[in-house]
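There are 2 protein chains.
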Amino acid sequence: MIARPSTSIEQTEAVIALLRERYGDQLTCNATIRRQHANSTSWHPVETPDAVFFATSTEEVADVVKLCAAHAVPLIPYGTGTSLEAGVNAPFGGITLDLSRMNAILTVNEDDMDCVVQAGVTRKQLNTHLRSTGLQFPIDPGADASIGGMASTRASGTSAVRYGTMKDNILALTVVMPDGTVCKTGTRARKSSAGYDMTRLFIGAEGTLGVITELTVKLHGIPPAIAVAVCAFPDLASACNTVIASIRYGLTLGRIELMDDVQIRACNAYSKLDMQEKPTLFVEFGGTELAVKEQVETFRQLADEFGCETFDNASAPDDRSRLWTARHDVYWACLQLRPGSKFLATDVCVPISRLADCLVETHTDIAETKLVAPIVGHVGDGNFHVSVMAMTEDAEEMARIKAFINRLNRRAIAMDGTCTGEHGIGEGKREFLEEELGATVGYMRQLKAALDPNNIMNPGKIFTH
Amino acid sequence: MIARPSTSIEQTEAVIALLRERYGDQLTCNATIRRQHANSTSWHPVETPDAVFFATSTEEVADVVKLCAAHAVPLIPYGTGTSLEAGVNAPFGGITLDLSRMNAILTVNEDDMDCVVQAGVTRKQLNTHLRSTGLQFPIDPGADASIGGMASTRASGTSAVRYGTMKDNILALTVVMPDGTVCKTGTRARKSSAGYDMTRLFIGAEGTLGVITELTVKLHGIPPAIAVAVCAFPDLASACNTVIASIRYGLTLGRIELMDDVQIRACNAYSKLDMQEKPTLFVEFGGTELAVKEQVETFRQLADEFGCETFDNASAPDDRSRLWTARHDVYWACLQLRPGSKFLATDVCVPISRLADCLVETHTDIAETKLVAPIVGHVGDGNFHVSVMAMTEDAEEMARIKAFINRLNRRAIAMDGTCTGEHGIGEGKREFLEEELGATVGYMRQLKAALDPNNIMNPGKIFTH
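Quick mapping for you: the protein sequence lines, in order, are chains D and C.
The letter at position 370 of the first sequence is residue 370 when you use my numbering, and the numbering goes up by one with no holes.
The letter at position 415 of the second sequence is residue 1415 when you use my numbering, and the numbering goes up by one with no holes.
Isolated chain D, as found in the complex (with noise of 0.2 angstroms):
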């Protein structure tokens, strides 16, 4: 059992007056300020800070660390803010960590094909930082998160069937430990089995552990020839399909995005497109111009073989562009498509072999529970995203989209799949991590209690209790 942690009001009192001395305006106890910090696109309620704390170094980091350590106050790291299970919220009040000021890029290492980024960096900003090497830091959730954020939730995202997820990365990290302690997990080496795995422990972790400062990450070559490709097949089993053929087959594919009917059909609506309103792949292919041909054919082969009804490729940006156009717009689609609602995020992962079958019942789901909800999936990882678009004012409604996301998650979880692909636990998924995975959860809550025995460090998060 992990304590709760009890923190009286004049601790935090003390806490915040502290480090209003010796920081100054760095600290802020504004309400406005407060409540951004603790805003996320979930619909989860909002939980504020009693305080937000701007860092801008590893030793401010740990400073900050030990005053809370010292009189229990709880301590919220924050990125940007792009948190989907509410990670960012304060349930048991505390001070938020902002990290946004630590955005320096330190040391970029192009032989190496590794730099070393302080946590606030965000994607966005280090890829423009690139631009001149030909390398590119690939991993997209979409938002322009924090690369500390990132990690902290194991992000991923439309690239992670070619490169991976956060956890594939990452060299090393500097972590601020509960204690105050300032660690680095690993070295610039591309492998090691130098003793436990550190860096992989912080990620995925979401700051319950210890608040990461310095990132050293992996970069990757830009392929000098790009082709996308799109096509609409007649239902999801023959695009999941073409899909595993196409992996099997070995082609490199730098991403492959599967919008359902509805979704096309919002794009259609918001981007002015005229797409067929059917479950539809968006795949990107990069190598050498000769590779890119080859497979763009192969693809076109494969995707024939399983009934798909267009197929439209482009190879020049500008033509790529426009082919991407609907993946591109989805959010503002689908904010559109219900004009008034929220966009309600979730997400689970499942073999791919069963991806159709979940895929499917889903949709059914969200047609009998009477939803707005369509569905974009990250497909060559069996990992995909339902948009609930939402009245949340409407305790009706939310209660009927809880039981849905419910459904949803033990229905992945039963097909030998995730409650969260890419999305992390936070306050959201806390009772689906014990359901997924049992008496493991155990054994972390020992590491959690092992490491920081107070329970400062985002508490509330990924553990019911």
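Just so you know, the hints here were simulated from the structure itself, not pulled from any lab data.
A couple of the hints might just be wrong.
[As the list claims (entries may be wrong)] So the derived label-pair ranges between C-beta atoms look like this:
| hint | chain 1 | residue 1 | chain 2 | residue 2 | range |
| --- | --- | --- | --- | --- | --- |
| 1 | C | Ser1008 | D | Ala414 | 40 to 50 angstroms |
| 2 | D | Asp318 | C | Glu1305 | 42 to 52 angstroms |
| 3 | C | Arg1300 | D | Gly307 | 41 to 51 angstroms |
| 4 | C | Asn1268 | D | Ser315 | 23 to 33 angstroms |
| 5 | C | Gln1276 | D | Glu110 | 24 to 34 angstroms |
| 6 | C | Ala1414 | D | Ser321 | 43 to 53 angstroms |
Here a beta-carbon is modelled for each residue, glycine too, at the ideal position from N, C-alpha and C.
Let chain D serve as the given structure and place chain C on it in line with the hints.
Relative to the frame of chain D, chain C by itself:
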């Protein structure tokens, strides 16, 4: 501080008696068998267990662990005994848990490109089993190690440049925890952000946190076409620069191995070859026929730019084998290089930009220390092995070798690398783990103490105390 196991002879004898009663011949105290189970191809003195238990199921492992836990008797998990850092030694006695009879391949999911195996399955056994599927388990550390053992040391080998290490190729583990509870660490989903990465925690833990009994591993397609190239360079730096350029260019190298002049000389003598005694790269390319052809051509151009002196390549299987002969015969060639000597393997891994420096300094050090010690490198990862051919009975020579290995470890660490790329810490590199990761090792100890408070799981490994 980790508890030293405080096992009395009576406790060990009690466990042995109980196991014999329950399992009969599955337990043995035969001196030869005990001695064999503590063997390892390293310079570390053999430390034998009090008994060896041959497990046949996860339930049996759980039963044995519970008994050992109740009596505080050490347990040493054992796969095939190919550890290079004395991971199977029994410095505090106890029971060696031989998992080689747990060699069932439980399920192969072709569409998902994964399979579930018991821990005692060896990599060659699995690949033979997969022959008809077009799929492979590509991780290749050289020895025909058990997959459980490979996971426990975070093994990799020649193919890591393409497929990553064991950490990148496992979806889920079944683990018997130090209290005897059976845990599942993940699902068959390709990715997940559900809580702490318990799978990665056990990968590389060398059996100190629990016993891995089953693994869900990723499989990969066998490329339709394969080609190899062998090219000699005037010096180590030009070979390394060719590797860097090839990776930055985005060539999909299946393997890229370096042998130094000493190793080539040894192979020439052993395998009756007449290769130039120069630093030489052995490269494998895989993909479609067209893509492979293009890649070989690009690689040839890059190698030429860096002054490559000879370039042979082949794509027919027999020709490929012939070209690859020297790399295959490294072990035997080394033994013949110094008749009567034993093969002491050590490895380090550095950022690839530092590889040439590290190799050159090590080369000089070998000469100055008057050792016979060829070098073979998995250079795409910045990882290389020094095979020290040692007269292990000669105390003065062994002292020189030990000092050399210490310098090698420190050299790698000073270059922001690791003291062990793929062999693990075992008993051999414990003090260097501290030098490499400093305060972080203290938190590894906390995790160990939390999960295994009596330190019964493979005690004396990874940590100095």
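Evaluation of the provided hints:
| no. | hint | verdict |
| --- | --- | --- |
| 1 | C:Ser1008 - D:Ala414: 40 to 50 angstroms | holds, 48 angstroms |
| 2 | D:Asp318 - C:Glu1305: 42 to 52 angstroms | violated, 34 angstroms |
| 3 | C:Arg1300 - D:Gly307: 41 to 51 angstroms | holds, 42 angstroms |
| 4 | C:Asn1268 - D:Ser315: 23 to 33 angstroms | violated, 48 angstroms |
| 5 | C:Gln1276 - D:Glu110: 24 to 34 angstroms | holds, 31 angstroms |
| 6 | C:Ala1414 - D:Ser321: 43 to 53 angstroms | holds, 47 angstroms |
Hints 2, 4 from the list above are not met by this structure, while the remaining hints are.
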